[in-house]
Amino acid sequence: ASFHPVALTVTANKGEHVNISFIRMAAKEEDAVIYKNGSFIHSVPRHEVPGELEVSYPQVQPQDAGVYSARYIGGNLFTSAYTRLIVRRCEAQKWGPSCSSHCPSCTNNGICHEDTGECICPPGFMGKTCEKACGANTFGKTCEESCKENYGCRNYMFCLPDPYGCSCATGWMGLECDKECKPGFYGPDCKLKCNCHNRGTCDRFKGCICSLGWHGLQCEKEEIVMLAGIYIPGWNPCSLNYIPGPSHFCESLLQCDVFKSLPHMLHLAGWYTTISSAFAFIRAMFTINRIQPRDTGTWVCSVQTVAGMAEKAFQVTVKVPPVPQYAPRLTDSGHNFLIIDINAELHLGDGPVVSTKLLYKPAKHYQSWMSVEGKRTFFDSLKQKLQLITLCHSKLRQVAGNNWYLSFSLHTRLEFLFPVSLWLFQGLPPPEGLALFPKSMTSLNLSWHPLTLRAEDDIRVEVERKSVNDNGDESSVITQVPGNMSTLIIKDLEPRQQYMCRVRVNTRSQGEWSNYLYAWTFSDRIPPAPYNIRFSNTTDTSSVISWTTAEGHSISSIIISYKIYGKTEYNHIDIIIKNTSITQYHLKGLEPNTVYQVQINAQNNIGLSNPNTSFELKTLPEAKAPYESKGGKMLLIAILGSAGMTCVTILLAFLIMLQLKRANFQRRMAQAFQNVREEPAVQFNSGTLTLSRKAKNSPDPTIYPVLEWNDIKFQDVIGEGNFGQVLKARIKKDGLRMDAAIKRMKEYASKDDHRDFAGELEVLCKLGHHPNIINLLGACEHRGYLYLAIEYAPHGNLLDFLRKSRVLETDPAFAIANSTASTLSSQQLLHFAADVARGMDYLSQKQFIHRDLAARNILVGENYVAKIADFGLSRGQEVYVKKTMVRI
Numbered sequence: 014a015s016f017h018p019v020a021l022t023v024t025a026n027k028g029e030h031v032n033i034s035f036i037r038m039a040a041k042e043e044d045a046v047i048y049k050n051g052s053f054i055h056s057v058p059r060h061e062v063p064g065e066l067e068v069s070y071p072q073v074q075p076q077d078a079g080v081y082s083a084r085y086i087g088g089n090l091f092t093s094a095y096t097r098l099i100v101r102r103c104e105a106q107k108w109g110p111s112c113s114s115h116c117p118s119c120t121n122n123g124i125c126h127e128d129t130g131e132c133i134c135p136p137g138f139m140g141k142t143c144e145k146a147c148g149a150n151t152f153g154k155t156c157e158e159s160c161k162e163n164y165g166c167r168n169y170m171f172c173l174p175d176p177y178g179c180s181c182a183t184g185w186m187g188l189e190c191d192k193e194c195k196p197g198f199y200g201p202d203c204k205l206k207c208n209c210h211n212r213g214t215c216d217r218f219k220g221c222i223c224s225l226g227w228h229g230l231q232c233e234k235e236e237i238v239m240l241a242g243i244y245i246p247g248w249n250p251c252s253l254n255y256i257p258g259p260s261h262f263c264e265s266l267l268q269c270d271v272f273k274s275l276p277h278m279l280h281l282a283g284w285y286t287t288i289s290s291a292f293a294f295i296r297a298m299f300t301i302n303r304i305q306p307r308d309t310g311t312w313v314c315s316v317q318t319v320a321g322m323a324e325k326a327f328q329v330t331v332k333v334p335p336v337p338q339y340a341p342r343l344t345d346s347g348h349n350f351l352i353i354d355i356n357a358e359l360h361l362g363d364g365p366v367v368s369t370k371l372l373y374k375p376a377k378h379y380q381s382w383m384s385v386e387g388k389r390t391f392f393d394s395l396k397q398k399l400q401l402i403t404l405c406h407s408k409l410r411q412v413a414g415n416n417w418y419l420s421f422s423l424h425t426r427l428e429f430l431f432p433v434s435l436w437l438f439q440g441l442p443p444p445e446g447l448a449l450f451p452k453s454m455t456s457l458n459l460s461w462h463p464l465t466l467r468a469e470d471d472i473r474v475e476v477e478r479k480s481v482n483d484n485g486d487e488s489s490v491i492t493q494v495p496g497n498m499s500t501l502i503i504k505d506l507e508p509r510q511q512y513m514c515r516v517r518v519n520t521r522s523q524g525e526w527s528n529y530l531y532a533w534t535f536s537d538r539i540p541p542a543p544y545n546i547r548f549s550n551t552t553d554t555s556s557v558i559s560w561t562t563a564e565g566h567s568i569s570s571i572i573i574s575y576k577i578y579g580k581t582e583y584n585h586i587d588i589i590i591k592n593t594s595i596t597q598y599h600l601k602g603l604e605p606n607t608v609y610q611v612q613i614n615a616q617n618n619i620g621l622s623n624p625n626t627s628f629e630l631k632t633l634p635e636a637k638a639p640y641e642s643k644g645g646k647m648l649l650i651a652i653l654g655s656a657g658m659t660c661v662t663i664l665l666a667f668l669i670m671l672q673l674k675r676a677n678f679q680r681r682m683a684q685a686f687q688n689v690r691e692e693p694a695v696q697f698n699s700g701t702l703t704l705s706r707k708a709k710n711s712p713d714p715t716i717y718p719v720l721e722w723n724d725i726k727f728q729d730v731i732g733e734g735n736f737g738q739v740l741k742a743r744i745k746k747d748g749l750r751m752d753a754a755i756k757r758m759k760e761y762a763s764k765d766d767h768r769d770f771a772g773e774l775e776v777l778c779k780l781g782h783h784p785n786i787i788n789l790l791g792a793c794e795h796r797g798y799l800y801l802a803i804e805y806a807p808h809g810n811l812l813d814f815l816r817k818s819r820v821l822e823t824d825p826a827f828a829i830a831n832s833t834a835s836t837l838s839s840q841q842l843l844h845f846a847a848d849v850a851r852g853m854d855y856l857s858q859k860q861f862i863h864r865d866l867a868a869r870n871i872l873v874g875e876n877y878v879a880k881i882a883d884f885g886l887s888r889g890q891e892v893y894v895k896k897t898m899v900r901i
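Under this note's numbering, read the sequence shown as residues 14 to 901, first letter to last.
To be clear, the hints were calculated from the coordinates, so they are not data collected in a lab.
Hints are supplied without guarantee of correctness; some may be wrong.
[Claimed, not checked] Think about it this way: if two alpha-carbon atoms lie no more than 30 Å apart in a straight line, the pair counts; the simulated BS3-like pairs of lysine-lysine are:
| # | residue 1 | residue 2 |
| --- | --- | --- |
| 1 | Lys161 | Lys234 |
| 2 | Lys192 | Lys107 |
| 3 | Lys764 | Lys859 |
| 4 | Lys27 | Lys161 |
| 5 | Lys370 | Lys479 |
| 6 | Lys779 | Lys41 |
| 7 | Lys107 | Lys161 |
| 8 | Lys234 | Lys204 |
| 9 | Lys219 | Lys204 |
| 10 | Lys141 | Lys41 |
| 11 | Lys779 | Lys674 |
| 12 | Lys141 | Lys161 |
| 13 | Lys141 | Lys374 |
| 14 | Lys764 | Lys779 |
| 15 | Lys195 | Lys161 |
| 16 | Lys741 | Lys726 |
| 17 | Lys759 | Lys746 |
| 18 | Lys234 | Lys154 |
| 19 | Lys154 | Lys27 |
Just need the whole structure built from these sequences, with the hints factored in.
Right under this line is the structure:
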C-alpha cells in the first residue's frame with residue numbers, strides 16, 4: 014500500500030482534539046484522497062501530499078466515528094490504508110445516559126465504558142482500574158489466558174469491545190505487533206512510559222518493577238508489609254517525650270534502635286520522624302521481616318542523644334493465626350437457598366477467635382467474594398454452584414507504660430480454602446402449553462398441559478394475574494389450584510380490559526415463573542369501524558386494501574363490502590381474523606378501468622360496527638398481452654437456415670450503412686456547430702455575461718462569482734442529457750474545499766440550449782441565497798465554454814427518492830410484514846412539501862416563475878432538505894402579459 018495507518022484504531026472522548034494520521038510509504042504523481050465509510054471527504058493535490066497525511070477534528074463528536082481510508086486517486090480498496098475512529102458518547106472521565114457520572118481512574122491506558130462506567134483493560138492488565146499487570150505473554154480478564162507460541166504474543170492483535178478498539182499485546186508495537194518496546198516504555202503498542210521512582214526498574218510487559226517497600230504505577234507509594242502470611246495494617250512505634258521542648262530537638266537526637274534481648278540479639282534501625290507542636294515527640298518505625306513465634310520475648314527500645322542514652326524494655330508475644338480444621342457443613346437446602354454450618358469451633362493456632370466469616374461466590378464466575386458472619390448461615394436467592402472460604406479473626410491486647418508510650422498491635426487474618434462445592438436444588442419448571450384466551454366479558458380461560466404427578470409429591474399450581482392498565486393501584490391476585498388440574502377460569506374481571514398472567518408449579522420449594530401471558534376480556538359494546546383505509550399495488554384486476562383497528566374491542570372478523578360505482582348491490586367478503594395482526598387483504602377478480610366503492614366493517618361478540626365512509630378504488634386499464642408468434646418448429650428451422658446463408662451479406666451491408674450514417678452525422682453536426690459559433694447566443698468575460706435577445710435596448714450584463722479553473726477537481730458524472738452534462742466535483746471557494754455539481758453544455762448544443770443555460774445563471778444570480786433552492790456557488794469560463802457550479806445534493810432528485818421509498822414495489826415482503834407502503838412517514842412527506850412551498854414562495858417574492866416545477870427538478874440535499882432546481886426555463890413575471898385571445 015502507498016500509505017500505512019499510524020494506528021488501526023483511535024479512541025477519543027467527545028469534544029477532544031483528534032488527529033487521524035497516515036504515513037506515506039511511496040511517492041506518486043497523483044492526488045491523495047481520504048474517505049470516511051466509503052464516502053469521499055478530502056483530497057490533497059499531488060504536489061502538496063505530505064509525508065504524514067492527517068484528518069483533524071478540533072472537537073470530535075460521536076457522528077465523526079467511522080472507518081477512514083487513505084490512498085492515491087488511482088488506487089483501489091485493496092491499496093488503501095484504514096483506521097477506525099471510535100468516539101465515546103461522553104466527555105473525558107464521564108459516563109451514564111446523561112454523562113453525569115464520574116469514571117474510575119483507569120490506569121495503563123484502560124478505557125472507561127460510557128454505558129457501564131467500568132474500565133475496559135488493555136491486553137496484559139486486569140483489575141477494576143487495570144492496575145495489575147499480568148506479565149509476559151499472558152492476558153484475559155483474570156490473566157488466565159496465555160500465548161503458547163515460541164515468540165509469545167508477538168504478531169497478536171487484540172480487539173476488545175468498544176470503545177477500546179484494537180492494540181498489540183503488552184510489550185509489543187507496530188502494525189504487525191512484531192517490534193519490542195523501546196527502553197523506558199511498556200504496555201500495548203508501547204504507548205506508556207515508565208518514569209520509575211525509588212530505584213524501580215522498567216519492564217516492557219509490566220511497567221515499573223518496584224524495589225522492596227514501594228509500590229504504585231511509578232513506585233511512588235510506600236508498601237504495606239506482608240509478614241509470614243500475616244497482614245499488619247499499622248506499624249510498630251517506639252515513642253518518647255523530651256523536655257524542655259521541641260527547640261533544636263531534631264539536631265540533638267543521634268540514634269534510635271530497637272533490639273531483642275537474650276537469648277539472641279536482633280538489632281533493628283529505622284526512621285519515621287514527626288514532631289508535635291505542643292511538645293517534643295519523635296516516632297521511629299522498625300520493620301521485622303518474617304516474624305515467627307520464636308521472636309516472642311523481651312525487646313528493648315534505645316534512644317541516644319547528646320545528653321546521654323535511655324532504654325525501655327517491652328514484651329512482644331507472637332501468636333499463630335487460627336486455622337479451621339473442618340470444612341463448612343450443609344444442613345439444609347432448597348431450590349434457591351442453602352443453610353450452612355460454618356463448623357469452625359475446632360481450629361489450629363492461637364486464639365481467642367473474636368469473629369468468623371464465611372466467604373462465598375459462584376464457582377464458575379469471576380465475581381468478587383461475598384461474606385457473612387455467624388456460626389449458622391442462611392443463603393437465599395442463589396442460582397449457581399458455590400465455592401466457600403472460612404475466615405477467622407484474632408486480636409492481641411495492647412500494653413502501655415508511663416512516660417514511654419509503647420504499643421504493639423497485631424491483627425491477623427488467614428484465608429483457608431476448603432474444597433467445598435455445593436449444588437442448589439432447582440425448582441420445577443413452569444407448565445407447558447400455556448394458553449390464555451377470553452371466555453366472557455368478565456372471565457378468562459387459562460389452560461396448560463396436565464402435569465406428571467407422583468404419589469409422594471404435594472404439587473400445587475400457583476397463578477398470578479394483574480390488570481395491565483391498573484397503573485400500580487391494584488395489587489396482583491394469587492390463585493392456587495391442585496396439581497391435577499389443567500384449566501382455570503379467572504372470574505370477576507372487567508369488560509374490555511387487558512390482563513397479564515403467569516404460572517408456576519410449587520412443591521416443597523417454589524418453582525420458576527413462566528413468561529407473562531396477555532389477553533383481553535370480551536367487549537361490552539360494538540366495535541368502532543376500521544380506519545386509516547389505504548389501497549396499494551392496484552392493477553387492472555386486483556388491489557391490496559389495508560386498515561387499522563382499535564385495540565381491546567375483541568374484534569373477531571372484518572367485513573369488506575364493495576360494488577361498482579353507480580350500482581346498488583354490494584359484494585360482501587367476510588374475513589375471519591384471530592388477532593389484530595392481519596390488517597390487509599388482496600381483492601381479486603375486479604374489472605379493468607372501473608371505479609369501485611368500498612366499505613369496511615368490524616364485528617365482535619356484541620355485533621357489527623357502524624358503517625364507515627365509502628372509499629373509491631379505481632383499477633388500471635387492461636394490460637395488453639404481448640404479441641406471440643404463431644410460427645411452428647418448421648418455420649423456426651427455415652428462418653435459421655436462411656439467416657445462416659445470408660448472415661455474411663447482412664453484416665457487410667450493416668457495416669457499410671453504419672459508416673455512411675456516421676460520416677453524414679459528423680458532417681451535419683460540424684455544420685451546425687459552425688453556425689452556432691458564428692452567431693453566439695451568449696457573450697461573457699471575466700465575471701459578467703450578456704444574453705443576446707431581440708429586444709431593442711441592450712441588456713445589462715449579469716455579474717456572477719468567478720471560480721478559477723485550477724480550483725475545480727472533477728470526480729464523477731452524475732447526470733447527462735443530449736446537449737448537457739452534470740459532474741460531481743470538489744471546488745475551492747474562499748479558501749474552503751466543498752462538494753459541488755458542475756453543469757456544462759456539450760459541443761453540439763443548439764443556440765437555444767446555450768441561451769437557456771445562460772438564462773439559468775442569470776436567474777440564480779438574481780435569486781440570491783435561500784435554503785430551499787439550489788444556490789449558485791460560482792461559474793468559470795474555460796476555452797469559450799461556461800461551467801456552472803451549484804450546490805451538490807447527495808440524495809438525488811425527489812422523483813427517484815420517492816420511488817425508492819415505495820417498499821410495496823421494491824420489497825413487498827417487507828412492506829406486508831411491517832404494514833407499510835413506504836419507508837417515509839407522513840411527517841417526512843409533509844416536510845418535503847413544506848420545503849417546496851417555501852422555495853416557491855421565495856421565487857414569487859423575487860417575481861420569478863419556474864415554468865417546469867416537477868419532482869425530477871427538486872433535489873434532496875443534506876439532512877433531507879428539498880431544494881428547487883433547474884431554472885433554465887424560469888422567467889420574470891414581467892414576461893407574462895396576457896393579451897386578448899392569446900394563450901399564456
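Each hint, compared with the structure:
Simply put, Lys161 and Lys234 have alpha-carbon atoms about 35 Å apart, too far for the 30 Å limit, and the pair is violated. A hinted pair counts as satisfied when its Cα atoms are at most 30 Å apart, and Lys192 with Lys107 does not qualify at roughly 34 Å. A C-alpha spacing of about 27 Å is found between Lys764 and Lys859, which places the hinted pair at or below 30 Å, so the restraint holds. Between Lys27 and Lys161 the CA atoms are separated by roughly 39 Å; this puts the pair beyond 30 Å, and the hint is violated.
Taken as a hint, the Lys370 and Lys479 pair is broken in the structure, with Cα atoms around 43 Å apart against an allowance of 30 Å. Between Lys779 and Lys41 the CA atoms are separated by roughly 44 Å; this puts the pair beyond 30 Å, and the hint is violated. Note on Lys107 and Lys161: the hinted pairing is violated, with a Cα-Cα distance of about 38 Å set against a maximum of 30 Å. For the hint pairing Lys234 with Lys204, the CA-to-CA distance comes to about 23 Å; that is within 30 Å, so the pair holds.
Between Lys219 and Lys204 the CA atoms are separated by roughly 13 Å; this keeps the pair inside 30 Å, and the hint holds. A hinted pair counts as satisfied when its Cα atoms are at most 30 Å apart, and Lys141 with Lys41 does not qualify at roughly 49 Å. Between Lys779 and Lys674 the alpha-carbon distance is near 44 Å, which puts this suggested pair outside the 30 Å criterion. Restraint check for Lys141 and Lys161: satisfied, since their Cα atoms lie roughly 27 Å apart, inside the 30 Å limit.
Between Lys141 and Lys374, the direct Cα distance comes to roughly 18 Å. Compliance with the 30 Å bound is thereby established for this hinted pair. Restraint check for Lys764 and Lys779: satisfied, since their Cα atoms lie roughly 23 Å apart, inside the 30 Å limit. Of the pairs offered as hints, the one joining Lys195 and Lys161 holds, with about 24 Å between alpha carbons and a cut-off of 30 Å not exceeded. With a C-alpha separation of about 9 Å, the suggested pairing of Lys741 with Lys726 holds against the 30 Å cut-off.
Proposed proximity of Lys759 and Lys746 is supported: the alpha carbons are some 25 Å apart, at most 30 Å. Restraint check for Lys234 and Lys154: satisfied, since their Cα atoms lie roughly 26 Å apart, inside the 30 Å limit. Distance restraint check for Lys154 and Lys27: the Cα-Cα separation of roughly 27 Å lies within the 30 Å cut-off, and the hinted pair is therefore satisfied.
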